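Colleague: Build the full structure now, drawing on both the sequences and the hints.
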Amino acid sequence: MNSDKKYNSCDIPQMEYQETEHIYTKYTIGTVVWAKLEGYPWWPAMVECDPDTDMYYEVSPQACMVPLRYHVSFFDDDDHVSRSWVRAGCITPYRGELPKAKFSDGHSAYKKEIAVAMKNADKALLLRLKDRVETYGFQKRFLSKRVTKIRSLKKIKSPKLHGSAGHVFLKSESVDYTRGIHKSPSFK
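Under UniProt numbering, the sequence shown has 7 at position 7, and the numbering climbs by one with no breaks.
Treat the hints as calculated values from the structure; they're not laboratory data.
Predicted model only: the values in this text are computed from it and were never measured.
Hints may be right or wrong, so weigh each one.
[Stated by the list, open to error] Under the rule of at most 30 Å between Cα atoms (straight-line distance), these lysine-lysine pairs were calculated in the DSSO-like manner:
1) K36 <-> K26
2) K140 <-> K26
3) K130 <-> K26
4) K123 <-> K112
5) K123 <-> K36
6) K26 <-> K119
7) K130 <-> K119
8) K140 <-> K130
9) K123 <-> K140
10) K36 <-> K130
11) K119 <-> K140
12) K140 <-> K112
13) K119 <-> K36
14) K36 <-> K111
15) K130 <-> K112
Modeller: Pasting the structure below:
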């Protein structure tokens, strides 16, 4: 019997049911999958929360108990970090080699990249779920790349200004550091 007195009698209506509290999902955070984006071959990925929304699935308003899309982080090489929302129909469980029927003609152009991604996916499967997300999650990989870039910037000597102390502020992440720092007329 229900311990809540508002709902512990057959004469009282049932508790209200919230569909959003029950989602029938095939994949959970940390699940290693094959994901397919338009224009790319099937690629190893891991289901995880979108850092912008803190959700790992999106549901349709009409069928709100079944995810329409999942957020994944792709297994890339050490120089790349990528993520995307992928339709549920374009995701399948990762079990090593993808069945040949799923490979598209574009697979051969990305053969080396997919091989590296598969090695990383295989390594991820050896980890406990929590460790997998912490090691291969988008934020961890993105932040470690960013810290590495900032550390390499600290090795660059600051430009000298005549008559005043110089300070360099990074205004955005899209600065092209390979082309040097923008020089105003006061730089010599």
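Colleague: Against this structure, judge whether each hint is valid.
Modeller: We went through each hint and held it up to the structure:
The straight-line distance between the Cα atoms of K36 and K26 is roughly 16 Å, inside the 30 Å bound, and the hint therefore holds. Annotation: proposed proximity of K140 to K26 holds, straight-line Cα distance about 25 Å (limit 30 Å). The suggested pairing of K130 with K26 holds, with an alpha-carbon distance near 18 Å, which does not exceed 30 Å. Distance hint between K123 and K112 is fulfilled; the C-alpha atoms sit about 17 Å from each other, no more than 30 Å.
Of the supplied pair hints, the one linking K123 and K36 holds, its CA atoms being roughly 21 Å apart against a limit of 30 Å. The suggested pairing of K26 with K119 holds, with an alpha-carbon distance near 24 Å, which does not exceed 30 Å. In summary, the hint linking K130 to K119 is supported, as the alpha carbons are separated by about 19 Å, within the 30 Å threshold. At most 30 Å may separate the alpha-carbon atoms for a hinted pair to count; K140 and K130 meet this at roughly 13 Å.
For the hint linking K123 to K140, the alpha-carbon distance of about 16 Å falls within 30 Å, and the restraint holds. For the proposed pair K36 and K130, the alpha carbon gap of about 25 Å is at most 30 Å, so the pair holds. About 18 Å separates the Cα atoms of K119 and K140, which keeps this hinted pair within 30 Å; it holds. Restraint check: the Cα-Cα separation between K140 and K112 comes to about 24 Å, which is no more than 30 Å; the hinted pair holds.
For the suggested pair K119 and K36, the alpha carbons sit about 18 Å apart, so the restraint of at most 30 Å is met. The hinted pair formed by K36 and K111 meets the criterion: a straight-line CA distance of about 15 Å does not exceed 30 Å. The straight-line distance between the Cα atoms of K130 and K112 is roughly 28 Å, inside the 30 Å bound, and the hint therefore holds.
Hint check: no violations occur; every hint is consistent with the structure.
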